[in-house]
Amino acid sequence: MAPELLGVLVTAGPRVGRIVEVEAYCGSEDPGSHAYGGPTPRTATMFGPPGRLYVYFSYGMHWCANVVCGPDREAGAVLLRAAAPVRGIDAMRAARPRAKRDRELTSGPARLCQAFGIDGTFDGADLVTADRGVALASDGHLVAPDDMAASTRIGLSAGADLPWRWYVPGDPHVSGRPR
DNA sequence: CCGCCGATCTTT
DNA sequence: AAGATCGGCGGG
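If you use our numbering, the first sequence corresponds to residues 1377 to 1555, in order.
Certain hints may be false.
Stated by the list, open to error - Pairwise CB distance ranges (calculated): (1) ALA1513 x ASP1478: 19 to 25 Å; (2) ASP1522 x PRO1473: 34 to 40 Å; (3) GLY1546 x PHE1433: 27 to 33 Å; (4) ALA1534 x HIS1438: 31 to 37 Å; (5) ARG1477 x ARG1449: 39 to 45 Å; (6) ARG1474 x ARG1449: 34 to 40 Å; (7) ASP1507 x SER1434: 23 to 29 Å.
Hints are computed from structural coordinates only; laboratory data are not their basis.
For each residue, glycine too, the CB sits at the ideal point set by N, CA and C.
Make a model of the complete structure from these sequences and hints.
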């Protein structure tokens, strides 16, 4: 489910980005997931139907966004970690004045949300009907398996050994240092 | 370019 | 008390 999102476009009004880095979080069985151990008020969206955005507040100041996937009530989610800006770069820069280079616009889960104007009010947004202006789209330019790499997920202690991060090696918009 | 540290608040 | 992070600062 997760690697198939590489190469897919995220759109929010004039802003368009191509997803180059994702992480899978596999429901209440995954010790690294917010859904681990069962639902809480904060994670309600993850336990709902697929195709919605699960947005959470991180480290007291950042928003991060996941695509809910898999069956209703299973709480599968794919964290959008990085995208390559395609269009609407002016709007992204305006939303992220701290970014000094274009590569800092969307290279990280909280940066991506800031650039696309995604905050807590987007939790539960429907990505299929784009009821809040955010959607996923494909232009046919998908990433081939040979052009992907996998690694462990970033920033976790629980579930740190599971290789559920996928990215496009060599793409300058992938977060962190190359691995 | 790299590593360290503080910010800030929700959840456990 | 720790966390699915980021950016500023100092050193190489």
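These are the hints, each one checked on the structure:
1. For the pair ALA1513 and ASP1478, the supplied restraint of 19 to 25 Å holds, since their beta-carbon distance comes to about 21 Å.
2. A beta carbon spacing of about 38 Å between ASP1522 and PRO1473 agrees with the range 34 to 40 Å that was offered as a hint.
3. The hinted window of 27 to 33 Å between GLY1546 and PHE1433 holds, with their beta carbons roughly 32 Å apart.
4. Distance hint check for ALA1534 and HIS1438: the Cβ-Cβ separation is about 20 Å, which falls outside the suggested range of 31 to 37 Å.
5. The supplied range of 39 to 45 Å is met by ARG1477 and ARG1449, whose beta-carbon atoms lie about 42 Å from each other.
6. The hinted range of 34 to 40 Å is satisfied by ARG1474 and ARG1449, whose Cβ atoms lie roughly 39 Å apart.
7. Checking the proposed 23 to 29 Å range against ASP1507 and SER1434 shows it holds: the Cβ atoms sit about 24 Å from each other.
Violated hint: 4 only; the structure is consistent with all others.
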